[in-house]
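Work out the full structure, taking the sequences as your base and the hints as a guide.
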Amino acid sequence: MQVFVNGDAMEIVEGATVADLVRQLTDDPRGMAIERNREIVPKSAHATTQLADGDRLEVVQFVGGG
Amino acid sequence: MSDTLTIAGREFSSRLIVGTGKYKSYAQNAEAARAAGAEMVTVALRRVNWSNPDEERLQDHLKPDEFIYLPNTAGCFTADDAVRTLRLAREAGGWDLVKLEVLADQKTLYPDMEETLKAAKALIADGFEVMVYCSDDPVYARKLEEAGCCAIMPLGSLIGSGLGIQNPLNIRLIVEQARVPVIVDAGVGTASDAAQAMELGCDGVLMNTAIAEAKDPIRMARAMKHAVIAGREAYLAGRMGRKRYADPSSPLAGLI
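Sequence lines, in order, name chains V and S. The numbers in full-length UniProt numbering rise by one with no breaks, and the one at position 49 of the first sequence is 49. The numbers in full-length UniProt numbering rise by one with no breaks, and the one at position 152 of the second sequence is 152.
Mixed in with the good hints, there may be bad ones.
With a Cα cut of at most 20 Å, we get these calculated EDC-like pairs of lysine to aspartate or glutamate [as the list claims (entries may be wrong)]:
hint	chain 1	residue 1	chain 2	residue 2
1	V	K43	S	D96
2	V	K43	S	D126
3	S	K63	V	D28
4	V	K43	S	E91
5	V	K43	V	D55
Pair by pair, the computed Cβ-Cβ distance ranges are [stated by the list, open to error]:
hint	chain 1	residue 1	chain 2	residue 2	range
6	V	A47	S	Q166	51 to 57 Å
7	V	D20	S	S51	38 to 44 Å
8	V	Q50	S	D65	22 to 28 Å
9	V	D20	S	E233	23 to 29 Å
Short, incomplete list of chain V residues facing chain S, as computed with Cβ under 8 Å [unchecked claim]:
hint	residue
10	N6
11	A19
12	V22
13	L25
14	E35
15	I40
16	P42
17	S44
18	D55
19	V59
20	V60
21	F62
22	G64
23	G66
If you're looking for bench data, these hints aren't it; they were derived computationally from the structure. Note that CB positions come from ideal geometry on N, CA and C, so glycine has one too.
Here you go:
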């Protein structure tokens with residue numbers, strides 16, 4: 001199935017969780033936050049939150065700013 | 001006697017908050033923040049850039065155990081966007097002390113006060129401690145304080161302009177009425193601007209470009225540290241009265 005991560009389409013396996021997606025994206029998820037369809041998915045719920053086809057995810061982190 | 005700054009129950013010995021944008025590298029940024037003696041740094045929240053996994057990370061240079069992160073809402077033009085951004089920031093870092101800014105247009109980055117007040121109320125209701133970037137309008141500054149903001153941060157002049165404090169009278173009016181810290185945020189160009197903000201009775205100064213775009217950012221960071229301390233000391237010392245004519249410092253009696 002297909003989800004959208006930061007606007008880009010991405011193929012993931014059926015039944016994948018947010019934690020699975022994070023593992024697919026990076027091996028260093030420190031300081032990242034995730035929003036799924038405009039709802040924050042807290043870190044404690046990554047492993048139990050199953051993704052659905054067409055989900056829109058935002059994965060953000062801190063960068064330099066004023 | 002120690003002269004500390006208390007914001008939302010947190011005590012700081014430095015009255016200078018620095019940004020983390022526009023530096024050549026995060027390493028230079030960290031060195032400048034240390035030279036400024038800053039304890040708090042503003043940070044922005046952006047999408048992770050997957051195309052470059054080797055990209056340097058802010059938190060590897062400006063470590064969250066060395067500096068308190070103050071997440072901002074730079075680039076947000078509506079209250080909803082600002083609230084959404086800071087909720088994500090809280091999830092990313094666990095911090096509830098934040099810098100709110102809701103901007104009106106790209107050309108001036110002037111704060112949209114109606115949206116800012118709306119966002120402040122929503123964030124405070126959601127448990128955030130809100131330090132708020134605002135215009136130098138004393139009426140809106142009072143409304144933001146009444147809404148529960150923990151620090152009022154009026155602009156000296158436009159973000160990144162380096163034009164100093166354009167309306168010292170308004171900054172003074174805001175300082176006189178406020179019961180929470182007032183921090184000049186934006187507009188500082190050089191050390192004398194920072195000193196002026198502190199001499200006006202502000203509790204602190206927040207700056208980014210003045211240091212980052214100096215020819216020698218580390219040296220400018222040091223200059224700003226001294227300027228903030230000098231301005232604060234001068235304010236506490238109480239300046240002499242202004243006179244229209246000369247008043248000799250040497251005794252008139254005993255002249256030959």
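How the hints compare with the structure:
| no. | hint | verdict |
| --- | --- | --- |
| 1 | V:K43 / S:D96 | 17 Å, holds |
| 2 | V:K43 / S:D126 | 19 Å, holds |
| 3 | S:K63 / V:D28 | 16 Å, holds |
| 4 | V:K43 / S:E91 | 8 Å, holds |
| 5 | V:K43 / V:D55 | 18 Å, holds |
| 6 | V:A47 / S:Q166: 51 to 57 Å | 53 Å, holds |
| 7 | V:D20 / S:S51: 38 to 44 Å | 21 Å, violated |
| 8 | V:Q50 / S:D65: 22 to 28 Å | 35 Å, violated |
| 9 | V:D20 / S:E233: 23 to 29 Å | 57 Å, violated |
| 10 | N6 | 4 Å, holds |
| 11 | A19 | 15 Å, violated |
| 12 | V22 | 10 Å, violated |
| 13 | L25 | 6 Å, holds |
| 14 | E35 | 6 Å, holds |
| 15 | I40 | 5 Å, holds |
| 16 | P42 | 6 Å, holds |
| 17 | S44 | 10 Å, violated |
| 18 | D55 | 16 Å, violated |
| 19 | V59 | 5 Å, holds |
| 20 | V60 | 5 Å, holds |
| 21 | F62 | 4 Å, holds |
| 22 | G64 | 4 Å, holds |
| 23 | G66 | 3 Å, holds |
In terms of the numbered hints stated before, the structure departs from hints 7, 8, 9, 11, 12, 17 and 18, listed from lowest to highest.
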